[in-house]
Amino acid sequence: MNETITFLDFNKICRICFTNENLGAFPKELYDFYTQIIKSEFTINDTKLPANICNNCVNQLQNLSDFIKKCETQETLLKKLYEASLLDSDSESNQTPPANNPDESSSNSECKNCNKIFYKQSSYINHLRTHKRQADQKKYLCNYCGKKFTKNSHLARHIRSHTGDKPFPCPRCPKSFGQSNDLKRHILTHTREKIFRCDHCSKSFHQKSCLANHILTHSNERNFNCEFCDKKFTMKAYLEVHMRIHTGRKVFQCTQCDKRFFQKSGLNNHVLTHNGDKPFKCNECEKSFVQSNHLKEHLRIHSGEKPFVCSYCGKAFSYHSTLKVHSRQHTGETPHVCPHCKKGYRDASNLRRHVSRHHDK
Numbered sequence: 432m433n434e435t436i437t438f439l440d441f442n443k444i445c446r447i448c449f450t451n452e453n454l455g456a457f458p459k460e461l462y463d464f465y466t467q468i469i470k471s472e473f474t475i476n477d478t479k480l481p482a483n484i485c486n487n488c489v490n491q492l493q494n495l496s497d498f499i500k501k502c503e504t505q506e507t508l509l510k511k512l513y514e515a516s517l518l519d520s521d522s523e524s525n526q527t528p529p530a531n532n533p534d535e536s537s538s539n540s541e542c543k544n545c546n547k548i549f550y551k552q553s554s555y556i557n558h559l560r561t562h563k564r565q566a567d568q569k570k571y572l573c574n575y576c577g578k579k580f581t582k583n584s585h586l587a588r589h590i591r592s593h594t595g596d597k598p599f600p601c602p603r604c605p606k607s608f609g610q611s612n613d614l615k616r617h618i619l620t621h622t623r624e625k626i627f628r629c630d631h632c633s634k635s636f637h638q639k640s641c642l643a644n645h646i647l648t649h650s651n652e653r654n655f656n657c658e659f660c661d662k663k664f665t666m667k668a669y670l671e672v673h674m675r676i677h678t679g680r681k682v683f684q685c686t687q688c689d690k691r692f693f694q695k696s697g698l699n700n701h702v703l704t705h706n707g708d709k710p711f712k713c714n715e716c717e718k719s720f721v722q723s724n725h726l727k728e729h730l731r732i733h734s735g736e737k738p739f740v741c742s743y744c745g746k747a748f749s750y751h752s753t754l755k756v757h758s759r760q761h762t763g764e765t766p767h768v769c770p771h772c773k774k775g776y777r778d779a780s781n782l783r784r785h786v787s788r789h790h791d792k
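Residues 432 to 792 (this note's numbering) make up the sequence shown, in order.
If you are wondering where the hints come from, they were derived from the structure by calculation, not from laboratory data. We treat Cβ as the ideally placed atom computed from N, Cα and C, and that holds for glycine. Any given hint could turn out to be false.
[Stated by the list, open to error] Restraint-style ranges between C-beta atoms, simulated for each label pair:
| hint | residue 1 | residue 2 | range |
| --- | --- | --- | --- |
| 1 | Q694 | A456 | 18 to 24 angstroms |
| 2 | K727 | K543 | 48 to 54 angstroms |
| 3 | C604 | L480 | 49 to 55 angstroms |
| 4 | C629 | D596 | 30 to 36 angstroms |
| 5 | Q638 | K695 | 31 to 37 angstroms |
| 6 | K737 | Q638 | 27 to 33 angstroms |
| 7 | G735 | T504 | 51 to 57 angstroms |
| 8 | N574 | P600 | 23 to 29 angstroms |
| 9 | N453 | C542 | 43 to 49 angstroms |
| 10 | A643 | G763 | 42 to 48 angstroms |
Could you put together the complete structure from these sequences and hints?
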């Protein structure tokens with residue numbers, strides 16, 4: 432970080448720590464949270480002030496935001512438990528109310544946990560006790576997201592979804608899994624025939640549910656819309672993953688370094704870079720790959736296969752990502768936007784080149 436910062440340096444430094452390394456646009460959700468806690472008089476649109484934030488500050492700010500949300504959630508739960516304990520005390524002092532008590536039949540009570548309505552106070556009290564028992568049973572807390580579990584083994588299994596730890600290796604191939612059930616399903620791919628065939632293409636699947644999800648890729652129905660951009664998705668899960676790009680929320684953190692990722696698959700791929708193992712080797716050249724799909728894509732260089740065809744002009748490509756960028760020539764889409772001048776580009780490399788030429792000076 433520079434010891435002296437001039438006015439001209441503002442577009443090249445982090446808004447919080449003033450470093451000029453690993454910068455990116457300040458995610459709107461985090462910026463709103465940041466200005467709320469420091470009560471800033473400036474807005475993100477004040478062009479004379481830094482509009483960027485470094486990766487380290489993003490992670491620290493995200494952790495702070497998550498912790499505050501956790502505190503708020505726990506405080507709400509505490510109030511509910513306290514309310515239930517008061518009702519417990521009241522009910523113990525009056526366990527056998529008179530059958531003709533008018534208050535017993537005329538007073539309506541609504542549970543704040545699940546919004547159920549009770550016409551008898553005794554039924555309401557008994558119902559609250561079920562919530563209290565459930566809360567008492569869930570004593571194992573996840574420090575990553577605040578979720579609670581009734582068993583330590585359930586917590587340990589859940590934590591692996593954050594850390595990317597995969598203690599269940601396949602005995603037949605280099606793959607490993609975070610859950611034993613995932614390993615069992617995977618082993619079926621070595622032993623069982625793919626009996627569920629797609630009517631639209633030549634793909635087959637071991638499970639009917641996998642076929643059902645695949646069929647959605649052929650459908651034009653995209654009922655899940657992003658509120659930040661024009662993208663639409665066939666499944667709600669795909670939309671939820673996409674939304675993290677806009678919110679800047681990276682929920683999957685590497686246990687070996689400080690890097691965080693939007694998707695679990697991104698974390699899984701990153702973890703492989705730490706052990707340096709590249710088990711998938713090309714028979715045509717000396718290259719090796721961390722993942723089998725990377726090898727599969729690489730083999731198209733040797734075979735000349737180009738399975739991805741542009742629907743606008745008929746040009747074919749070896750990689751789907753290349754087709755995706757090419758298609759933007761026809762659609763005019765420019766999803767990669769400069770955080771300094773808001774100019775848009777078809778791919779990330781052109782954006783980086785633009786920032787290097789015009790803003791990193």
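Broken hints, by number: Numbers 5 and 10 - these are the hints that the structure violates, sorted from lowest upward.
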